[in-house]
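Chains as they are written, first to last, in the working numbering: chain A, 1 to 111; chain B, 1 to 113.
Read the hints as simulated data drawn from the structure, not as lab findings. You may find that some hints are simply not true.
Simulated coverage check for chain B against chain A, where a stretch passes if three residues somewhere in it have a Cβ under 8 angstroms from a Cβ of chain A [stated by the list, open to error]:
no. : segment
1   : 45 to 53
2   : 80 to 88
3   : 100 to 106
Just so it is clear, CB atoms sit at the ideal spot from N, CA and C, and this is done for glycine as well.
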Amino acid sequence: DAKTTQPTSMDCAEGRAANLPCNHSTISGNEYVYWYRQIHSQGPQYIIHGLKNNETNEMASLIITEDRKSSTLILPHATLRDTAVYYCIVRAHSGNTPLVFGKGTRLSVIA
Amino acid sequence: NAGVTQTPKFQVLKTGQSMTLQCAQDMNHEYMSWYRQDPGMGLRLIHYSVGAGITDQGEVPNGYNVSRSTTEDFPLRLLSAAPSQTSVYFCASRRLRGNQPQHFGDGTRLSIL
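Can you make the complete structure from the sequences, with help from the hints?
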């Protein structure tokens, strides 16, 4: 079973920041938080990951709470092309551990 | 860069037929895996491999066989296709060590009549 809880769906106005929450209250010390998204029926696309510090890249920012029990993915200026299903996944640092996908959050960016 | 290449993109089979879905990556990734995605659902892991000659089962392995004879290729075999195996199949790869992101192929859409 996936170790994360995400809202089923969210809407966001184009140009606004999209804030996607994820609960991972049972995360252990060696587990990272990963975010992927799947646009329509394409293969999932990696967005960002982090352990305990906030992370930022060209696509998004990841904010992890101090107790690491939840996180938020932020798309600073959402566009229509960001409409997708967003998956929050926790995975141990060990290389053998597979990614386990839940049902994710369906983000709809509205013009 | 080709990345992860899956062939074919679409396939229709009759019940009982066999088929191999191909997956190749050119990034020298040790780890490769297969997922299936049913309509409106998340991805479920079928099989994975951490290197040539090593494979292991995921969440839904029944009805599927895999082998890993080279680093580059990780084919998925359906020995006797069933309608319940109608799905979209995704192959993925990544470096084994560290926290490297996983790269996915574009998928194979398989229908079994």
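The hints, checked one at a time:
1. A stretch counts as covered by a chain when three or more of its residues have a beta carbon under 8 angstroms from one of that chain; for the segment 45 to 53 of chain B and chain A the count is 3, and the coverage holds.
2. Note: the segment 80 to 88 of chain B has 1 residues with beta-carbon separation from chain A under 8 angstroms; the three-residue rule is not met and the coverage is violated.
3. With 6 residues having a Cβ less than 8 angstroms from any Cβ of chain A, the segment 100 to 106 of chain B passes the three-residue criterion, so the hint holds.
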